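Visitor: Chains as they are written, first to last, in this note's numbering: chain A, 1 to 363; chain B, 1001 to 1221; chain C, 2001 to 2831.
In case anyone wonders, no lab produced these hints; they're calculated from the structure.
Treat the hints loosely; a few may be bogus.
What the hints assert, rightly or not - So the derived label-pair ranges between C-beta atoms look like this:
hint, chain 1, residue 1, chain 2, residue 2, range
1, B, V1018, C, H2723, 19 to 29 Å
2, C, P2144, A, N131, 48 to 58 Å
3, A, N131, C, G2509, 52 to 62 Å
4, B, D1218, C, P2022, 26 to 36 Å
Said to hold, decoys possible - A partial selection of chain C residues facing chain B, derived with a Cβ cut-off under 10 Å:
hint, residue
5, D2155
6, G2465
7, A2467
8, L2800
Said to hold, decoys possible - SDA-like, lysine to any residue: derived pairs with alpha carbons at most 25 Å apart:
hint, chain 1, residue 1, chain 2, residue 2
9, A, K211, C, A2217
10, C, K2819, B, S1099
11, C, K2819, B, Q1013
Keep in mind it's a predicted model, so treat the numbers as computed, not measured.
From the three backbone atoms N, C-alpha and C, an ideal C-beta is built for every residue, glycine too.
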Amino acid sequence: MKAVFLLLMALLVGPAAAQGDPYQVLRSTGEGYASVLPGRAFSFPADHLPHPDYRIEWWYLTANLKDDAGRHWGLQWTLFRQAMSPTTDTEGWDSNQIWMAHAAITTPDGHRHEQRFARGGVGQAAVRLENGRFAAWLDDWSLTGDGVGMLPGRLRFTVGGAVVDMQLASDTPPVLQGRAGYSQKSAQGQASYYYSQPHIAVSGSVVIDGKPTTLTGAGWLDREWSSQPLADNQQGWDWFSLHLADGHALMVYRLRHDDGKHWLSGSWVTPDGTARTLGADEIELAVLDTRRVRTPTAADPEATRDLPLGWRVRLPGLNREWTVRALTDDQWMGGRFPYWEGVVLVDEGAGGVGYLELTGYGP
Amino acid sequence: MLSFSGVVKRYAQPEGEVTVLAGVDLDIVAGEAVALLGESGSGKSTLLHLAAGLDTPDVGRIAVGGHALAAMDDRALAALRRGTVSLVFQQFHLIGTLSVADNIRFQAALCGRLDPAFEAELIERLGLRTQLDKYPHQLSGGQQQRVAIARALLHRPALVLADEPTGNLDERSSGAVMALFRDLVKAAGSALLMVTHSRDMADYLDRRLWLREGRLHDAPI
Amino acid sequence: MPRSEPLGVVVRALLSHYWRHPWQAVFLLVGLLAGVALWSAVQIINSHARASYAEADFVLGAQATHWIRSRSGAGVRQADYIAFRRAGFRQVFPVVQARVSTADNAPLAIIATDLLALPTGMAGDGGDALGSANLDWLAFVQPPYQAWFPASVADELGVAEGQQLTLRDGRRLPPAVLAAREQQGRQIFMDVGAALTLLGRDTFTALAVGPVSPEVAARLTAALPAELMLEANQQRLDLTQLTASLHTQLTAMSLLSFAVGLFIVFNAVRFSLWYRRPTLRTLRLVGVSVRALALAIVAETLVWSVLGSALGLLAGWGISHALLPSVSASLQNLYGAVVGADLLLDPATIAIAWGMTLVGLAFALAWPLLLQLRGPALPGGSASAGVLADARARRVLLIGAGVLLLLAAAVYWQMNSVIEGFALLALLLFAAAWALPQALASAHRLLGCALAGAPLVQRWIVSDGWAQLPALRTAMMALLLALTANLGVETLVGSFRTALAGWLDQRIGADIYVNSAQLDTRGFVADPANAGWLAAGHARTGVTIRWQGRPTKVYGLDTTTPDTYALPLAQAAPDALTRWSSGERLILANEQAHYLGGLRLGQTVMLPTDGGPTNYTVAGFFHDYGNPYYQFYLPREEVARRWHDVSSTGLALWLKAGVSAETAEAALVAAGAQPGEWFAQGDIKRLSMKIFDRTFAMTAAMNTLTLLVAGAALLTALLAILHERLPEFAQWRALGVTRRELLRVIAVPLALFVTLTWLAAIPLGALLSWLLIHDLNVMSFGWSMPMLWSPLPALKLGLLSAGIVVLVLAIVLSQLTRKLPQAMAQLGSAQ
């Protein structure tokens, strides 16, 4: 589950509504759009491309990287698609598709982020095959495959003056999350189609102020689409994607409910890409420390928030547990819909690295 | 010529209603010259205004030449003032844009009763012969009053109403003007009701009345 | 009174006068208010317009420091735009602008962009274009889209929320929303997708470029496809230069009304002075020092100036809102300047308004009061003094008028700027106004002589003019100013309208005018398939250069077409057109280049061409009404020879006799033109005249207001006369004067003076319009035209003045009827 939802929602309902309940659009029934049902047959590379019958969809990439000096870096690059109406009118200015992109980089010196918007249908932003190659872009931010698939591929974007150019490759198959790609989000039946590529080898360079830095590390790609992913009583979520030192990959999230009975889910992926879905009773999440963090937004440049930046993650069934802590507090995404997303260290870095996303925390 | 019977006039004042005339009866016959004396504020001028139809009584009847003023509309009153009643005030109200000669003829011209012989006599006796082409602002106060007198008499009105006609003149010349005024009124054949506070001036006329506490008396006290 | 006596007592004694005579306070305030209100209204509008020019390099809230345009004028392809965005030039955003006309031929300007692509806000803060306007932008960017109408435009067109306005060619705008964005001005704003669909285009008018570093600009230039060019946005500079004249004109008109307002003040003050003579005398006799009195007078002046300017500014604020739409229309029609709807009252305007009021009051109130102080405490005979003072005042004014006239003559020989031109007009107007009282007195005297043998009552009625003249003097001067200005401007506008209509008849000779980016105009004319219906076609080409620092269009004309050899020239060398056509390196320029650019017949003009500067000799000047820019005509072949990127600038088509417009339209559609890209001859003319009328709506409004102010001056003067002379009128009534005679005494001299003033205004108005047409208009806009004098405006104004007189008299008569009885009852009581 990704903050994308909320960003899109805020985009849709405007600033006035964002003060009130920005989640409402995602809770609306999605009537007229295609529904998410169990038992869908996934097909690659076709499913890398957009599914315009569904209301929302995203291509979501994070990467934990290190420079030659062994310092931690992080990248986030996301492309969101939103259909404004149930019609599938995708070409020309009349297109009902809207695109949004987010990018962020965590460097040893700080955090930079940007957001962008574009109309669909006119070529300013799209995900499609171009000259027989996979291409996803908004303006000059792009993820292009070497072939019809997303990977191997190349990620290029600029964020806050940093120019990012990364090669991506993976030799494991996509992981279908939930029940064979059907990812349930609540007991009421809200769900999305969800697959991931948790094992991506990432290498390339970041140029900041004309100074290039070579980086290598591991990336995580999430693909998700849905028409009505949120339930009425869900306020936000805490989402982890971890590259463990032993080569395993772990995804866990909890959707926080009003009544404290949160919705927990996740998956456990072996180094060779074999995945096992984790049920709610197999995951334990506990907050270790909450810190006051500067969380400026355009509307409130002085805002601060209490954020849970230290966690204990336990998988009792596997008898494994880790502490997960933010690399740095300053990884705030103060865009149109604000959230915290950034690099985390597992067991002080000895156990691995990952990304943590926190949404729905008020100032 | 002029008759008041039971005339009452009240004025609203800040201190309350004041009765100025409390039942005045008066009769002036044609050609008679009557002086109306009284202290300041006794209502002399009010009585004069009522006689001229410039103001209306609250109670009582006023008639000029036998015609009741109350029965006259604005036009009839204007006609009355035009031909029958003449007014002479302390302020002369000459018409500044007309020559002395035109001023003298003004009222006579309005009622179409020009009389060159009488005009010549008035000019002669009032000593205005050399002033005829001048304009009012070029005359002295006494000269202006003489012009006003000539204007009031030329058309031989039946009744002349005068309010301190010599009030703006010094004592010496006022006596002379008064005598002349009286004589000319007689010459015009007009009756005269003159308001004055001066016994000396009053003595020039046929009869004297005193206005006291809203009523007319034949003697000072 | 001891020296320690507080000033407050004296001030109160002076001001108590207004308490007892509130109408004098009202007149004083009305005068100040009328003067300050119109002046400040124009100031507010001017400063607002200037503020808008400062934002002229902003497009709908986003700064555009550069433009990317097609060299051929064909518009920018969408693919090129997308390529810029994908290359990372996120400062580039699309703009579509077009002029269309409504079903009843009202001109409409359309502007469109992609809100999502606007480069507003900072990095990481994109999408602010969406957030800043509280709008349902989802509806804005998708079918059926929205058309945003500024409230004033919606009002004029009678468009209601949700309504789809139908254009002349039957196309319909998206549903209307009453809203406006920054720099929208009087344009209709819609999504770029909506605009492209509406206009049937697939290219953008241009791409706007937000602020870029020189390094990015260089990369952008390098990335430009051959057919596109990057140019700096000089709109701000250009607009400030181009509109300077218009703003000067507005200011001049507002100063005129300020002057007329001051006349009311003079009037009011005259009577407050007259009434307060006894008070001043008494105060001095009880020992108040002249110094204390002077201070009290200064205090009074301050009180009035603050009150007057505050009320005036308030009214001006209101008036400016009422006038703004017509000024905006003028600016947009003449210069394409976009003026927003939010008005601001800046401190400078407030300060100047107060200052002007203070100076005006110092002259009208303080100075005469102080003069009175300097005289002896006991006055001489007041009646004679009044008449003498009036004669003296008339003489002084006449001498002043002579001095002004001399100054005017001096200015006339030196004049070469618009401001000097208006100074000349002001000098002339005031010379005339100051000479007027003496002229009225002389005329009155003549009439008096002529009536020497008439009956006394008639002579009396006419002679009363002498008593009225001192009081009516200033009102008549105000009336003269207003009438003259009205007549002058009316003749100017009428002449311009006639000249424009005649010019349009000559210039718009073809049957159909096409402006289509898709159409190959020369090919269309040459196509044998069209020979059946096409009598002649003129495909013009053009290139935009900068000449004398201003954007200048050089047109390439086909020398063989009917409109070219019938080109109406304002000035021309012998055989100019023939020689120009035969390629003698001759050039034709518009009048603007002559009058504003200083170009002369036979002179050499150097133009920047792609092959370097090239010289041409000026063979003639053509009329070019309504165009603020310089323009040149060259034979089409010459333009093609000198410039590479020549764009097609329109096609004129003459139909053969009996051919219907439908035939031509079908051929145009077949050749690739879109419906709406052509206009019939009559439509263009109607549209032009409509734009003209809108442009001069402001002038008419100002004229009416000035006349109203003059009417107010007349009313105040007459009411003052009434109050001053009420005892006299009562006395006359006591002498047997009827009410009708009394009214005649008031009305006849007044009518006489108004008639004389109106008569004086006729030649003066003609002189004014002559100067406006032959000097000021030429200096302001660079257009010349013949002056057309017509008696109709004078007759109309005469009737209007008569109406005002009748109205004023009715008011005076009702006052007289109400107040006379009391005055009569008080007759003889010593005052």
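Visitor: If a hint holds in the structure, say so; if it doesn't, say that too.
Guide: Against the structure, the hints:
no., hint, result
1, B/V1018 - C/H2723: 19 to 29 Å, "holds (27 Å)"
2, C/P2144 - A/N131: 48 to 58 Å, "violated (36 Å)"
3, A/N131 - C/G2509: 52 to 62 Å, "holds (54 Å)"
4, B/D1218 - C/P2022: 26 to 36 Å, "violated (48 Å)"
5, D2155, "violated (52 Å)"
6, G2465, "holds (8 Å)"
7, A2467, "holds (5 Å)"
8, L2800, "violated (30 Å)"
9, A/K211 - C/A2217, "holds (22 Å)"
10, C/K2819 - B/S1099, "violated (29 Å)"
11, C/K2819 - B/Q1013, "holds (19 Å)"
In the structure shown, a violation is registered for the earlier hints numbered 2, 4, 5, 8 and 10, in ascending order.
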